[in-house]
Structure formats: structure tokens, C-alpha cells
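Please construct the entire structure, taking both the sequences and the accompanying hints into account.
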Amino acid sequence: MRTMELPERLQANACGVPLDGRRPDRGDGSFVNPVLPGDHPDPCVLKDGDDYYLSCASQQFLPGVVIWHSRDLVNWSPVGAALRRPVGSVCSVDLARHAGRYFLYMAVLQGHRTALLVLHAQDIRGPWSEPVDLGLRDCLDPCHIVAEDGSRHLFVNGVRRVGLTDDGLATQGRLELAHTVALPHDAQPAYTAAGPRLFRRDGFFYMLCAAGGAGDPPGAHTLAVARSRSVRGPWENCAFNPLQGADTATWTTGGNACLVPGPDGDWWLLCHGQETGCRTLGRQGLLQPVDWGRDGWFRHRASALGRPLHKPGRAASSPCLPSRCDDFSRDRLGTQWQFFDAGPNDLQRVRHAAHGLLLAGKGSGLSDCSPLTCVAMDPSYEAELEFELHGSVQGGLALFHDARSFAGIGIAEGRMHTYSYGQQHRWMQQAVHGRRHRLRLTHEHRRVSFQHAADDGPWNHTPWLHDVSALHLCRSDSMQALRLALFSAGSGEVSLKRFTYRSLGVCPPKSLVVEVAPEP
1 MRTMELPERL QANACGVPLD GRRPDRGDGS FVNPVLPGDH PDPCVLKDGD
51 DYYLSCASQQ FLPGVVIWHS RDLVNWSPVG AALRRPVGSV CSVDLARHAG
101 RYFLYMAVLQ GHRTALLVLH AQDIRGPWSE PVDLGLRDCL DPCHIVAEDG
151 SRHLFVNGVR RVGLTDDGLA TQGRLELAHT VALPHDAQPA YTAAGPRLFR
201 RDGFFYMLCA AGGAGDPPGA HTLAVARSRS VRGPWENCAF NPLQGADTAT
251 WTTGGNACLV PGPDGDWWLL CHGQETGCRT LGRQGLLQPV DWGRDGWFRH
301 RASALGRPLH KPGRAASSPC LPSRCDDFSR DRLGTQWQFF DAGPNDLQRV
351 RHAAHGLLLA GKGSGLSDCS PLTCVAMDPS YEAELEFELH GSVQGGLALF
401 HDARSFAGIG IAEGRMHTYS YGQQHRWMQQ AVHGRRHRLR LTHEHRRVSF
451 QHAADDGPWN HTPWLHDVSA LHLCRSDSMQ ALRLALFSAG SGEVSLKRFT
501 YRSLGVCPPK SLVVEVAPEP
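Mapping to the UniProt record's numbering: the sequence shown position 69 is 69, numbers consecutive.
Since the hints were derived computationally from the structure, they do not count as laboratory data. Note that CB positions come from ideal geometry on N, CA and C, so glycine has one too. Fair warning: there could be bad hints in the mix.
Unchecked claim - So the derived label-pair ranges between C-beta atoms look like this: (1) V432 with D48: 47 to 57 angstroms; (2) H98 with Q348: 27 to 37 angstroms; (3) Q348 with H425: 31 to 41 angstroms; (4) A316 with P463: 48 to 58 angstroms; (5) L169 with P234: 45 to 55 angstroms; (6) R314 with A249: 44 to 54 angstroms; (7) T180 with D48: 28 to 38 angstroms; (8) Q122 with P319: 15 to 25 angstroms; (9) P78 with D166: 25 to 35 angstroms.
The following block contains the structure:
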């Protein structure tokens, strides 16, 4: 395996990982949020002995439903992806272990309806089973819970409950309303209640429900809590509902929370939230401590999300976040890479070669080629791609929100192609030479610029600057974040040689932050 030569500006940390992006662990017993930088929506956490496992909604990206591992709830490293074939857009997931077996319950958007699927495995690292359809439609946010009598149940959005068979692979009985979440300041019950997360503590079942949507204005996402001696109810609403979501100078709309005991017996709340001024990064993973009162209810510290916090006590060392950089010398895709809107054969588009990874072309351009994407971790960053063209193919580097919203540069047949907001600007084509190229993308305060170099030649700036500040879920009907994307369109192949990523710092100063409220 050849050694990757990193630019001098990429230094390694104590784990031997290049410091290409921000890290939550400060190395002095404290951490800063986010613990999962970049888009990691609707996180769910499973405590399994001394280990913690986490998964998130993978939406239209494949391989999907990546499993993450930690020993301290702060440092997370990927174990692998559980989903290897397209089933639709994975909207939400729940990770559970029962009778020595692991289960992943998923709500998947298929066309205009959702289906509930389940994967199962003997080992958390896989292999995972083929998806099993539970036969329920128009349900979201599944949560598995074992009742006081040992029976298994699934809760879904709207705080509805259905029984599961003993093997957890089929439903039994009817889907029924389990509880009505009423918020004191509302004239009507919160029918938007979503994301029920259940856990058991001191003889009570606790249920956390998110009220309000991911695209709500800052501070509108709240958390409602109820408890019961039985999963069948009756449920008692917490007297000080709602618990306000994150609404600080740094974080807003913290939602879809789950509660988990820490290594030292303390309790922690993990949720997703959006960073002020940096919404294109998507919904990022946030960790905060909670305190239990004598009344048996917990209080969280959303106001502390923007400052350093003490790490969970007595936590064992845990691997750091992996690098975004890749020299493509492995005979498989790194876990940072996922195809957008992959077809049944898209995973076979990648094959290992002696001098890189070959990515076969698909479609005619950036909008229909199912680009290979990775999550960006920083408000401002720089990415570089070195590649070579083989055959009648266009290869390039882009920022990709969805098939209608992107900005990028492609090279094909002696011409440079420019893309923005879902279209190709043919009037901006430039002549380029050779088959080996380098592209550099610079994203600073939501403005994007590109540079190009032929082979080992000098860098040349492209004559345009693109604003991507509107490419986030609060300004569109797409739930995706803005991702880095490598693409190959046409009938040939692109040989991927090297990809590097580095952070350019923190969010822009407040004078540059312009938050646009979502349209009604």
C-alpha cells in the first residue's frame, strides 16, 4: 500500500489522524460540540456494556446507515455501513440489541409513502441481513422497547405503538395511539409530536418526543417528556414540559433527542442541532449532560451547548474521528464515501486499480450521475481532488445538495464545465489540456470558488464566485445537507488519485451571518 503524501498544512494528532477538520475532544478532559461534526440527523445511541453504538438517518445515500462506535460518547469512529442496497430514502432509524442480536429499525420514504423496515445481525460489525418489511406504511421515527413483561414493541411518530413478535421481525396487533403529548402553552395538543425515544430507569419508562420540525425557526424545536410504569400506559406528562431545544448564540433547533447513561453512571442527552450561520452543514450531533431531580424528572443544559464541557467521567479512551482525506489505495470505498440516489448497480461502479480507484461514469452530467459524496465537517474548508480521465467521461469536484441544487466544476474532452443551482453554464466553458487534472474547491463563509491545474502545472482561478447560503433544509424541500461530491458522468471512467480536505476555521463573525427565516 502506497503512503499518502499529505500537504504540509495537514498535521497529525495523537491518534495519527490528520487534523483536517474540527475535533470535539480538547485533550484536557473537556470537549466542545459538535461531537459529530457535519450532517448526522436523528441520532440514536445504544449502550452495549462498556461500548456505545450510534446510527443516523442516511437519507438517499448508499452505503447507508453507518454504525459508529465510542467508549466515551465524545470520540466516535465508524464501524461500517449496515445497508448495502437501495431501499429508498432512510428518514430515521433506531438501533437496539435483544437476546444477543442487533436490530436496526428504519423508516424509509418510498415514493410518496414511508415503509418500516428492519435489519438484524449477530455482530454489530455485520454482516447485516437483507431488509425485512414490517408491513406498516406512513410511519416515521421507529423506536424499539422491551416492556415490563418481556414483550417487544415499536413506537412511531404521533406517539403510536404496535406490538412486535418475539423475533422482532414482524408486527402483531393493531397500531394504536399510545399517548397524547400536550404542551401547556398550546391551546391544542402537539399533533406534530415526532421522534419518540424510550428508555427505562428506576422502574419507569420514559418517553422523549420532539415537537416541531427540523426546519422550524430558531428555538421552535422543543422536547416533551412523559413517563409510565408500563409501555401500555397510562403516561404522565412532565410538569415542566416543554424542554426548550437549543437556542443559543451557536446552536438552534436541537431536536430528536435520546438519553443514555454515561460510563460513570451519569446521564447524557444526544440530539441534532443546526449551527448558527452554518446551516448548510446540516443537522450535527450534539452532546449535553442532564441532571436528575428528586422528583424523578431530568433537566438538561441546552444553554451550555456552545461552550466547553467536562467529558463523561471514567470513560475509556476512544478512537478519534477519521480523516476526510483519501489516497484511494484501498480496494474498497472508505466509510466517508456514499453515493447519492444510488441505483442497484452503483456500488459496482467502483473498482480498485494499481494507481487509484476507478469510478465508472453514469448519466450525462452532475445532476443525474449519482455522485460520490462525503460529509463536510467545518463552516469553512478547502478540498482538492486529483484525477485522470479514461474514455468519453466527465470528472469533477462539486458541492452537492440534491439533484437540483449544486455547484461544481467538471472536465471532459478538453473543456471545463461549470455547474450551479441545478444547471450547466455552457457560456462559461474554458479550454483545458490533458487527461490528468487537479481541482480545488474553497468554501469560505458560504461562498465557493474553484481553481484548476492540468497535471502538475500551476493553479488557475476560475472566474466566478458562487453563493451557497440557501442550500439547506430550511430553504428547500430537501432534507439533505451540502456535501462534497466527486463525480463521473458519461461512458468512460475517472481514476481517483487523491482527495484532501482541511478546515479553514470557525463560523463567520456575526456581522457576516445572515440567517434567512424559512418561508411559510
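Each hint, compared with the structure:
1. In this structure, V432 and D48 meet the distance hint of 47 to 57 angstroms, their C-beta atoms being roughly 52 angstroms apart.
2. Checked against the hint of 27 to 37 angstroms, the pair H98 and Q348 passes, with Cβ atoms roughly 34 angstroms apart.
3. In this structure the supplied range 31 to 41 angstroms holds for Q348 paired with H425, their Cβ-Cβ distance being about 32 angstroms.
4. Between A316 and P463, the C-beta spacing of about 53 angstroms keeps the proposed range 48 to 58 angstroms intact.
5. A C-beta distance of roughly 29 angstroms is found between L169 and P234, which places it outside the suggested range of 45 to 55 angstroms.
6. Against the hinted window of 44 to 54 angstroms, the Cβ-Cβ separation of R314 and A249 comes to about 32 angstroms, which falls outside the hint.
7. The given range of 28 to 38 angstroms is respected by T180 and D48, whose C-beta atoms sit roughly 33 angstroms from each other.
8. Restraint check, Q122 to P319: a C-beta distance of roughly 23 angstroms satisfies the suggested window 15 to 25 angstroms.
9. At about 31 angstroms, the beta-carbon gap between P78 and D166 stays in the expected band of 25 to 35 angstroms.
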